[in-house]
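Trainee: Each protein sequence line maps, in turn, to chains W and V. Quick note: the numbering used here has the first sequence finishing at residue 425, numbered continuously throughout. Quick note: the numbering used here has the second sequence finishing at residue 425, numbered continuously throughout.
If you're looking for bench data, these hints aren't it; they were derived computationally from the structure. Computed from a prediction, not measured in an experiment: that's the story for all the values here. Any given hint could turn out to be false.
Since copy identity is lost for identical chains, a pair holds within one copy or between any two.
Distance condition first, Cα-Cα at most 30 angstroms in a straight line; then the derived DSS-like pairs of lysine-lysine [to be verified]:
1. Lys284 x Lys89
2. Lys164 x Lys97
3. Lys282 x Lys89
4. Lys411 x Lys401
5. Lys282 x Lys90
Read off the chains here:
There are 2 protein chains.
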Amino acid sequence: MLIKNLRYIVTMDSQRRVIRDGAIFIEGNRILDVGRNGGLSRKYSREEIIDGSGMVAIPGLIQAHTHSPMTLMRGYADDLPLMDWLQKKIWPLEAKLKPNDIYYGSLLANLEMISFGVTTFSDMYPHPEEILKAVRKSGLRAVISPAIFEEVDKNSNVKNAKKFLRNESDKIKIALGPHSPYACTKEELLEVRDISEETGAIVHIHASETQEEVRQIKEKYGMRPIEFLDSIGLLTERTLLAHSVWVSDKEINLIHKRGAKVAHCPISNTKLASGIAPIEKLKGVVSLGSDGPSSNNNLDIFEEIKAVALLHKVHNLNPTLISAQQALEMATINGARALGLEEEIGSIETGKRADVVLVDFRKPHLTPLYNPVSHLVYACNGEDVDTVVVDGKILMRHRKFSLDSKGIMKKVERIKEDLLRRVN
Amino acid sequence: MLIKNLRYIVTMDSQRRVIRDGAIFIEGNRILDVGRNGGLSRKYSREEIIDGSGMVAIPGLIQAHTHSPMTLMRGYADDLPLMDWLQKKIWPLEAKLKPNDIYYGSLLANLEMISFGVTTFSDMYPHPEEILKAVRKSGLRAVISPAIFEEVDKNSNVKNAKKFLRNESDKIKIALGPHSPYACTKEELLEVRDISEETGAIVHIHASETQEEVRQIKEKYGMRPIEFLDSIGLLTERTLLAHSVWVSDKEINLIHKRGAKVAHCPISNTKLASGIAPIEKLKGVVSLGSDGPSSNNNLDIFEEIKAVALLHKVHNLNPTLISAQQALEMATINGARALGLEEEIGSIETGKRADVVLVDFRKPHLTPLYNPVSHLVYACNGEDVDTVVVDGKILMRHRKFSLDSKGIMKKVERIKEDLLRRVN
Numbered sequence: 002m003l004i005k006n007l008r009y010i011v012t013m014d015s016q017r018r019v020i021r022d023g024a025i026f027i028e029g030n031r032i033l034d035v036g037r038n039g040g041l042s043r044k045y046s047r048e049e050i051i052d053g054s055g056m057v058a059i060p061g062l063i064q065a066h067t068h069s070p071m072t073l074m075r076g077y078a079d080d081l082p083l084m085d086w087l088q089k090k091i092w093p094l095e096a097k098l099k100p101n102d103i104y105y106g107s108l109l110a111n112l113e114m115i116s117f118g119v120t121t122f123s124d125m126y127p128h129p130e131e132i133l134k135a136v137r138k139s140g141l142r143a144v145i146s147p148a149i150f151e152e153v154d155k156n157s158n159v160k161n162a163k164k165f166l167r168n169e170s171d172k173i174k175i176a177l178g179p180h181s182p183y184a185c186t187k188e189e190l191l192e193v194r195d196i197s198e199e200t201g202a203i204v205h206i207h208a209s210e211t212q213e214e215v216r217q218i219k220e221k222y223g224m225r226p227i228e229f230l231d232s233i234g235l236l237t238e239r240t241l242l243a244h245s246v247w248v249s250d251k252e253i254n255l256i257h258k259r260g261a262k263v264a265h266c267p268i269s270n271t272k273l274a275s276g277i278a279p280i281e282k283l284k285g286v287v288s289l290g291s292d293g294p295s296s297n298n299n300l301d302i303f304e305e306i307k308a309v310a311l312l313h314k315v316h317n318l319n320p321t322l323i324s325a326q327q328a329l330e331m332a333t334i335n336g337a338r339a340l341g342l343e344e345e346i347g348s349i350e351t352g353k354r355a356d357v358v359l360v361d362f363r364k365p366h367l368t369p370l371y372n373p374v375s376h377l378v379y380a381c382n383g384e385d386v387d388t389v390v391v392d393g394k395i396l397m398r399h400r401k402f403s404l405d406s407k408g409i410m411k412k413v414e415r416i417k418e419d420l421l422r423r424v425n
Numbered sequence: 002m003l004i005k006n007l008r009y010i011v012t013m014d015s016q017r018r019v020i021r022d023g024a025i026f027i028e029g030n031r032i033l034d035v036g037r038n039g040g041l042s043r044k045y046s047r048e049e050i051i052d053g054s055g056m057v058a059i060p061g062l063i064q065a066h067t068h069s070p071m072t073l074m075r076g077y078a079d080d081l082p083l084m085d086w087l088q089k090k091i092w093p094l095e096a097k098l099k100p101n102d103i104y105y106g107s108l109l110a111n112l113e114m115i116s117f118g119v120t121t122f123s124d125m126y127p128h129p130e131e132i133l134k135a136v137r138k139s140g141l142r143a144v145i146s147p148a149i150f151e152e153v154d155k156n157s158n159v160k161n162a163k164k165f166l167r168n169e170s171d172k173i174k175i176a177l178g179p180h181s182p183y184a185c186t187k188e189e190l191l192e193v194r195d196i197s198e199e200t201g202a203i204v205h206i207h208a209s210e211t212q213e214e215v216r217q218i219k220e221k222y223g224m225r226p227i228e229f230l231d232s233i234g235l236l237t238e239r240t241l242l243a244h245s246v247w248v249s250d251k252e253i254n255l256i257h258k259r260g261a262k263v264a265h266c267p268i269s270n271t272k273l274a275s276g277i278a279p280i281e282k283l284k285g286v287v288s289l290g291s292d293g294p295s296s297n298n299n300l301d302i303f304e305e306i307k308a309v310a311l312l313h314k315v316h317n318l319n320p321t322l323i324s325a326q327q328a329l330e331m332a333t334i335n336g337a338r339a340l341g342l343e344e345e346i347g348s349i350e351t352g353k354r355a356d357v358v359l360v361d362f363r364k365p366h367l368t369p370l371y372n373p374v375s376h377l378v379y380a381c382n383g384e385d386v387d388t389v390v391v392d393g394k395i396l397m398r399h400r401k402f403s404l405d406s407k408g409i410m411k412k413v414e415r416i417k418e419d420l421l422r423r424v425n
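From just these sequences and the hints, can you work out the full model?
Mentor: Right, dumping it as structure tokens:
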């Protein structure tokens, strides 16, 4: 398959090359050649052609932290104090979810992420088997972390999570999802550490999201959350810390020293008023997530890319912090690193998996074009995505999905009506 | 013209009514009836029909502060210290602009605003005659403020601005655009005050955008910028203050006392790292603007609506600040008030001008639907806009423009190439 006539390719390779008038040659699920349109068009003239006229190709975007089934609660409640929102609104509705609802909620999220150019996502939720089913249906690449917090949900225990690891496949990686230092027991966390050491599985954990959490953990363990994780050997190069808003300089040093990664969720952190993470100090290890769609309220990574570029500038009153290039790295190559997939995805390079997104630049708000990276970060939105290729397969072309989008949306609307009946 | 089968109408009327299964009847340039679909469909069965199935109708959005021709510099330079960005990048390019470039830059901005559901915009720039021409071409409603800062640009003087007032027409209002307390002389500002008193024209002025500006004005006049404007009688119910980031409690009281309005530009203020305005104290008088597209880098008011709802929550660590409803008010009825047009636009009500936008909710990220106001603020983006009606005329339908969008984009791309030649 030859994607030709591309206006630009923003490769995100190690030299951050931007190729004007480019083409990409894909065979099976791998990128075999990347270069100028003229040369590649002659070389691969007999292949299936995808016309990329007016398009800018970027690596498939990586959503490093979400809870995909929470589409079901999207817009159900907003603008409330955190504990009211959780205890009076989100948790009562969540308690009424059936496994099949979780499947459809996640499938809708898969559809939405495809619509916004996400090709890989990292999920944490109970009932991981339903999320697995949704990902297999959608064709996305994913890292699924079964939630672990047995005291909250008895099926979300370490034993089940360990068993679930056997579902790992070529395109779907399984991680361990201990919820957080406050919702897990120390024993659970120690077991997770051992399983991760034994299997190499990534540990995907919320840490230091709110000031209240830091207070609680200090009270319980006499240390801050990330210090605590380190003290029990759970801060390693396989650790993906979601949020990390309230981290001390000492903790930042620990993160860098251990090679841990951070999934920054700027929009969720602003909407829930959790705080502003010190991203300017964490930069290189930062990937981006939308968090659950009920605290966002969408899964558009383009919004997170713009938010991360803006928020830290104003917070530090320094317009040079977090450049467009750095923001885009967070959603591509840094995301790949966060998930241990940097050899496979995160850039458009020969030998990598064919996860490619075409963004349609023939729009008033993307005109004129001086610099494609600037537009991708500051002017684009997710609906500028025209075509999505994952592992060499086209999941969206000219904004038409391979999935039955109408059927999925109708089904989720019906689940919502039913949920409201169940909760009232 | 009957817009029927609407999933919801978010009226933004004085009771903030949201009508399920609605219809809107328009005759000429006015809304004549708003209500349930069944009743209106029977009553106006013989009229021209716009099918609004799956759509949510909202009042046309109001862009309270922009410099439309600055589309020409969109993405030319980002992430620089403010003075480097202005002096080394923006101003040298701006100095090379010819009147015809300004026309096309503004026309492109008109097109972009239509694409994002903006039906009225408030502009400040030199060469207002070119902007007037662009607005007449596009069919948008506008308030055009000829820039006044004779020391910067000799044609941008009070005399020319006063003459320009005669171009006011039914759909296009002319205001006075003294640039700022720092770029205008006191004499210019006093003349503007007198003309505004005499003619009733709105005074559209930048004020208190940066800390540096406050420092300068205090040094020059011994007071803060908005205190200074008040001291010379230029803070009235006709004053529209752009930005107002660094305002003291005393100045906030003055704004409320005089009935002045604020055009808040959250994304520009974050991108340029100007600061975070105390919107939670100003609320009722706040409208929204994108500022020039080179400090944003688009004109999508949906982004500003989400930004205003998020930014002040996290800045104050209070998730209840600026509700979805309040954020939407800023882009509709508050915007109308800021421009002295609250009797004519800003809500969907019988007797008002027919400025109506249909947003297509049949999208994965807008599913399921609990509350349309929540989705409009937290989940939508500008490209969800399907249909734009201004003064009873359809300017966009199913995202197809009445303007020649391809021709305009091509022309602006050519102007960009030429500008780069002129500047190098």
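Trainee: Each hint needs a verdict: does it hold in this structure or not?
Mentor: Evaluated hints:
1. With identical chains, the CA atoms of Lys284 and Lys89 are at most 30 angstroms apart between copies only, with a shortest distance of 27 angstroms across copies and 36 angstroms within one.
2. Taking the closest pair of Cα atoms, Lys164 and Lys97 come within 30 angstroms of each other only inside a single copy of the chain (25 angstroms); across copies the shortest separation is 67 angstroms, beyond that limit.
3. Proximity of Lys282 and Lys89 under a CA criterion of 30 angstroms is satisfied inter-copy only: 28 angstroms between copies versus 36 angstroms inside one chain copy.
4. For the homomeric pair Lys411 and Lys401, the shortest alpha-carbon distances inside one copy (17 angstroms) and between copies (27 angstroms) are both at most 30 angstroms.
5. In this homomeric assembly, Lys282 and Lys90 come within 30 angstroms of each other (Cα to Cα) only across copies, at 28 angstroms, whereas the closest approach inside a single copy is 35 angstroms.
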